[in-house]
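K.L.:
One-letter residues, chain by chain:
2 protein chains.
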Amino acid sequence: MKMSDPLPSMQGPVCPVPLQHTEKIVMGHGSGGKMMQDLIAKTFFPPFENPVLMMGDDAGVVNLDHPTQLVISTDSHVVWPLFFPGGDIGKLAICGTVNDVAMMGAKPLYITVSFILEEGLEMPVLKRVVESMKSAALEADIQIVAGDTKVVQKGKADGLYITTAGVGVRSPKLSISGTQAKPGDKVILSGTIGDHGIAVLGARGELGFESEIQSDIAPLNKMVEALIACTEPEQVHVFRDPTRGGVASALNEIANQSNVGIVLDEHKIPVRRAVNAACEMLGFDPLYVANEGKLIAIVSSSCSDDVLMAMRNSLYGEEATLIGEVVNDHPGRVLMRTTIGSTRIVDTLSGEILPRIC
Amino acid sequence: MKMSDPLPSMQGPVCPVPLQHTEKIVMGHGSGGKMMQDLIAKTFFPPFENPVLMMGDDAGVVNLDHPTQLVISTDSHVVWPLFFPGGDIGKLAICGTVNDVAMMGAKPLYITVSFILEEGLEMPVLKRVVESMKSAALEADIQIVAGDTKVVQKGKADGLYITTAGVGVRSPKLSISGTQAKPGDKVILSGTIGDHGIAVLGARGELGFESEIQSDIAPLNKMVEALIACTEPEQVHVFRDPTRGGVASALNEIANQSNVGIVLDEHKIPVRRAVNAACEMLGFDPLYVANEGKLIAIVSSSCSDDVLMAMRNSLYGEEATLIGEVVNDHPGRVLMRTTIGSTRIVDTLSGEILPRIC
Numbered sequence: 001m002k003m004s005d006p007l008p009s010m011q012g013p014v015c016p017v018p019l020q021h022t023e024k025i026v027m028g029h030g031s032g033g034k035m036m037q038d039l040i041a042k043t044f045f046p047p048f049e050n051p052v053l054m055m056g057d058d059a060g061v062v063n064l065d066h067p068t069q070l071v072i073s074t075d076s077h078v079v080w081p082l083f084f085p086g087g088d089i090g091k092l093a094i095c096g097t098v099n100d101v102a103m104m105g106a107k108p109l110y111i112t113v114s115f116i117l118e119e120g121l122e123m124p125v126l127k128r129v130v131e132s133m134k135s136a137a138l139e140a141d142i143q144i145v146a147g148d149t150k151v152v153q154k155g156k157a158d159g160l161y162i163t164t165a166g167v168g169v170r171s172p173k174l175s176i177s178g179t180q181a182k183p184g185d186k187v188i189l190s191g192t193i194g195d196h197g198i199a200v201l202g203a204r205g206e207l208g209f210e211s212e213i214q215s216d217i218a219p220l221n222k223m224v225e226a227l228i229a230c231t232e233p234e235q236v237h238v239f240r241d242p243t244r245g246g247v248a249s250a251l252n253e254i255a256n257q258s259n260v261g262i263v264l265d266e267h268k269i270p271v272r273r274a275v276n277a278a279c280e281m282l283g284f285d286p287l288y289v290a291n292e293g294k295l296i297a298i299v300s301s302s303c304s305d306d307v308l309m310a311m312r313n314s315l316y317g318e319e320a321t322l323i324g325e326v327v328n329d330h331p332g333r334v335l336m337r338t339t340i341g342s343t344r345i346v347d348t349l350s351g352e353i354l355p356r357i358c
Numbered sequence: 001m002k003m004s005d006p007l008p009s010m011q012g013p014v015c016p017v018p019l020q021h022t023e024k025i026v027m028g029h030g031s032g033g034k035m036m037q038d039l040i041a042k043t044f045f046p047p048f049e050n051p052v053l054m055m056g057d058d059a060g061v062v063n064l065d066h067p068t069q070l071v072i073s074t075d076s077h078v079v080w081p082l083f084f085p086g087g088d089i090g091k092l093a094i095c096g097t098v099n100d101v102a103m104m105g106a107k108p109l110y111i112t113v114s115f116i117l118e119e120g121l122e123m124p125v126l127k128r129v130v131e132s133m134k135s136a137a138l139e140a141d142i143q144i145v146a147g148d149t150k151v152v153q154k155g156k157a158d159g160l161y162i163t164t165a166g167v168g169v170r171s172p173k174l175s176i177s178g179t180q181a182k183p184g185d186k187v188i189l190s191g192t193i194g195d196h197g198i199a200v201l202g203a204r205g206e207l208g209f210e211s212e213i214q215s216d217i218a219p220l221n222k223m224v225e226a227l228i229a230c231t232e233p234e235q236v237h238v239f240r241d242p243t244r245g246g247v248a249s250a251l252n253e254i255a256n257q258s259n260v261g262i263v264l265d266e267h268k269i270p271v272r273r274a275v276n277a278a279c280e281m282l283g284f285d286p287l288y289v290a291n292e293g294k295l296i297a298i299v300s301s302s303c304s305d306d307v308l309m310a311m312r313n314s315l316y317g318e319e320a321t322l323i324g325e326v327v328n329d330h331p332g333r334v335l336m337r338t339t340i341g342s343t344r345i346v347d348t349l350s351g352e353i354l355p356r357i358c
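In order, the protein sequences belong to chains A and B. At position 102 of the first sequence the residue is numbered 102 (the numbering used here), and the sequence of numbers has no breaks. At position 127 of the second sequence the residue is numbered 127 (the numbering used here), and the sequence of numbers has no breaks.
Calculated directly from the structure, the hints in this document are not laboratory data. Be aware that one or more of the hints could be misleading.
Since the list can't tell identical chains apart, any single copy or any two copies may satisfy a pair.
Said to hold, decoys possible - Subject to a maximum C-alpha distance of 20 angstroms in a straight line, what follows is the list of computed SDA-like cross-link-like pairs (lysine to any residue): (1) LYS134 <-> SER175; (2) LYS127 <-> ASP158; (3) LYS107 <-> THR68; (4) LYS156 <-> VAL125; (5) LYS156 <-> GLU119; (6) LYS24 <-> ASP38; (7) LYS107 <-> PRO172; (8) LYS182 <-> THR338; (9) LYS24 <-> SER135; (10) LYS173 <-> PRO233; (11) LYS268 <-> VAL327; (12) LYS154 <-> PRO81; (13) LYS173 <-> GLY261; (14) LYS173 <-> GLU325; (15) LYS156 <-> GLU122; (16) LYS42 <-> SER135; (17) LYS268 <-> MET336; (18) LYS24 <-> LYS268; (19) LYS134 <-> PRO46; (20) LYS156 <-> TRP80; (21) LYS154 <-> TRP80; (22) LYS42 <-> LYS127; (23) LYS156 <-> GLY120; (24) LYS156 <-> GLU118; (25) LYS222 <-> MET309; (26) LYS182 <-> VAL263; (27) LYS24 <-> GLU122; (28) LYS107 <-> SER175; (29) LYS24 <-> LYS154; (30) LYS154 <-> GLY120.
Using the sequences and the hints given, assemble the complete structure.
P.N.:
Right, here's the structure in full:
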């Protein structure tokens, strides 16, 4: 071989060079987007495989030999900063898990709380967080039945992290799941989007201006109860809370799980003026910004008016609106009919836009 | 007031100056000892108060309207280093929670897994941990039914932390709890103590010599099943796995919960020669060193021979032995009859001896 020959690895069609950094965890792996889905699909699902986990929902539904079903879910919370307008890591830790259990149509009953505390954390900070958890648990009417405390050295955490796990029961008549969206179904959203993400960014001082945007954090289990009560069990197909990755990622997950298309109407999606302004300034699309007190319901078209009304009559659903529908075309895709009349694809978030938002 | 008057706060009897550092979290708050109990009693129990949590056991027992009881528990795992002789953080995360559920006499069925990953964590490390979790879950015959993944910036964690929550069912005929120890009961220990703590210290290079001590990490749920099967439900009073804080802390907790005394015979407590040597060198008492695959059973004296035999016939109980008894005297205290014939108090661990041991 002459020295002027091309190196063997340079021959053949030009392939993208495998990126070294994909072999290490990067911030995008916690994003709620494609990189996280990829991590879960390749690294966690194969060894853990079982039918309950592979459903890919927010919580595991397990059958006991009884006329009820247990629903079990967990979430770690690493939001930074610990306190922000409208909430804090404690309220988030309770509501996040309550909502994950509720999104399966279950009544959340019990929750566990596990703290990882950084050496040097100030006690008043911890007390404030714990009080906030108490209030949220009271509102959600859920019992904290077990807990754990670990402490790590200064510099090995960031104040505190909280992991919660929730257990709820649901009627076996319900088959609510991300796999159940059906062509013809209506897509209903419980209110404005992006409030949580922008509120946390504001608290980080990343908006560059004073903002009065509050996080929307709220326990949604009572809204879920009302929605189930207003119609027949078989007409309610999917509930999902669009947290990390926002409405766009949540709907893409559902479109994939159910192998259907979802078409949204841009002008129907409610966004607060201040949130919109902040997103424009930062170059974000509010569809990808995290919510912590919003619910997407996908239901039979025959009951969509009843569900919309029940949502609007709920404490956190006054601004509920019908934002789109499920279609046969474009399975696995979410499309947006824009305000100027065109249609664009709403893709899943690829990497990280807002680290440590929950 | 003249300038030479003593300051008002200096008058009166000399009081210990309140220590400023008690207002911040220190490593001792995660020790499993008094400081952690104090933190839980003062900071977590009052706002979270409910009868299930206040039992103070390793897992919450909750009643459904069914002929079974759910048992729910959680643990965060922050052990360092991530790998050590006999185990790793993944095996620990599964076995720790399986054992907490089993210690209530329940059959663990479902587990949730939540990861906090540090940016920059190497993927092969994560894969090795996940494979280890898979093996442990298989052995324990438990399903991982839900999970979560968060990523924090480099320097905001230490590789990875894992929080698990477990759900199990148990017969309502059982009333196993730390509150059920009764005078006359026998105290049985399933094997040698201190192996886990010393194995982890060895992996940290803190022993100053090469050690072959292996951690004892193991799922104990099948041993628990065998012990329950060998006698009547009402004769089994307490199961406890002596993890952080060791056998001494576990027995002190039980003595307090049941308001009884516990008397141990020093010469009956099995300690490996190598563990004993390491403890002597480091100035530790093996009674305070963590175990991850040991069980303390407190049972009626009438069934203690059967329970001891069933334990010795179990996979992880070959070296089981009767180490003491429950007494009326000294309620809340653990006493040790030493090899030289005296009796000493075995107190609860006060601060931290081995940070991040689990």
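K.L.:
Which numbered hints turn out to be false for this structure?
P.N.:
1, 8, 9, 13, 14, 18
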